[in-house]
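Novice: Residue numbers (the numbering used here), protein chains in the order written: chain E, 262 to 375; chain P, 84 to 192.
Hints were generated in silico from the structure; no laboratory data involved. Where hints are given, some of them may not hold.
[To be verified] Computed from the model, here is a short list of chain P residues facing chain E with C-beta under 7 Å: (1) D175; (2) G176; (3) Y178.
[As the list claims (entries may be wrong)] Pair ranges (Cβ atoms, derived): (4) E:P322 to P:Q162: 14 to 22 Å; (5) P:R191 to E:K301: 39 to 47 Å; (6) E:N318 to P:E139: 52 to 60 Å; (7) E:P330 to P:S110: 39 to 47 Å; (8) P:E138 to E:P330: 36 to 44 Å; (9) P:Q102 to E:R270: 29 to 37 Å; (10) E:S299 to P:T189: 16 to 24 Å; (11) E:S323 to P:E97: 25 to 33 Å; (12) E:P330 to P:R149: 33 to 41 Å.
Keep in mind the model is a prediction, meaning the values are calculated, not measured. Note that CB positions come from ideal geometry on N, CA and C, so glycine has one too.
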Amino acid sequence: ETGVTQTPRHLVMGMTNKKSLKCEQHLGHNAMYWYKQSAKKPLELMFVYNFKEQTENNSVPSRFSPECPNSSHLFLHLHTLQPEDSALYLCASSQESSGSDIQYFGAGTRLSVL
Amino acid sequence: GQNIDQPTEMTATEGAIVQINCTYQTSGFNGLFWYQQHAGEAPTFLSYNVLDGLEEKGRFSSFLSRSKGYSYLLLKELQMKDSASYLCAVRDGDYKLSFGAGTTVTVRA
Chain E
262 ETGVTQTPRH LVMGMTNKKS LKCEQHLGHN AMYWYKQSAK KPLELMFVYN
312 FKEQTENNSV PSRFSPECPN SSHLFLHLHT LQPEDSALYL CASSQESSGS
362 DIQYFGAGTR LSVL
Chain P
84 GQNIDQPTEM TATEGAIVQI NCTYQTSGFN GLFWYQQHAG EAPTFLSYNV
134 LDGLEEKGRF SSFLSRSKGY SYLLLKELQM KDSASYLCAV RDGDYKLSFG
184 AGTTVTVRA
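The following block holds chain E by itself, in its conformation from the complex (with noise of 0.2 Å):
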């Protein structure tokens, strides 16, 4: 248990829908992040939120929207995907987003577009 909650877990998703993925930390950080995990590639970095604000948008296309209500949680709704959005999708928060701060991890949630 990291005290970073993803859910669902695992979501399918035809191109038309809409849905979101959602995160809650009980850390007491200040950061959250969301990130793509892709197979046999580097995890990227999506969104930065840094006490609510977002400070990073990691050039992500618009059918990607972030949400942060509090500093508590994160949301991520989805609208007309590809299927090569699918992946892993890890969310992340640390104290603040700078320093040496480690970054704690949620298990994430694996989508799927057909």
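Chain E is fixed; fit chain P onto it per the hints.
Specialist: For chain P alone, coordinates are given in the frame of chain E:
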């Protein structure tokens, strides 16, 4: 972007030692992390190096040479439960964390 290289796969025998190398080229440097990720689970933090030298934590040790852009993770007295993917990650001068593709270690009896 940043360039972080590590071997794709390694296999070792239970009780043996395995060394996973990681080389990096980044714009600035603010620390190197190693994570362990079992299949279907969250990556979990193993070690952090920001100064040159060896950091030891039980059966796991991590080494850093900033001048060479090089690190290794040493796993001693391998156990079956050590079979996992090991991720090298480097924080650059802008404090952005970039990951290697991971090294899958298989421990055989």
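Novice: Does each hint fit the structure? Answer for all of them.
Specialist: Comparing the hints with the structure gives:
no.: 1; hint: D175; verdict: 11 Å, violated
no.: 2; hint: G176; verdict: 11 Å, violated
no.: 3; hint: Y178; verdict: 4 Å, holds
no.: 4; hint: E:P322 to P:Q162: 14 to 22 Å; verdict: 42 Å, violated
no.: 5; hint: P:R191 to E:K301: 39 to 47 Å; verdict: 22 Å, violated
no.: 6; hint: E:N318 to P:E139: 52 to 60 Å; verdict: 39 Å, violated
no.: 7; hint: E:P330 to P:S110: 39 to 47 Å; verdict: 33 Å, violated
no.: 8; hint: P:E138 to E:P330: 36 to 44 Å; verdict: 38 Å, holds
no.: 9; hint: P:Q102 to E:R270: 29 to 37 Å; verdict: 33 Å, holds
no.: 10; hint: E:S299 to P:T189: 16 to 24 Å; verdict: 21 Å, holds
no.: 11; hint: E:S323 to P:E97: 25 to 33 Å; verdict: 49 Å, violated
no.: 12; hint: E:P330 to P:R149: 33 to 41 Å; verdict: 40 Å, holds
In summary, the numbered hints that this structure violates are 1, 2, 4, 5, 6, 7, 11.
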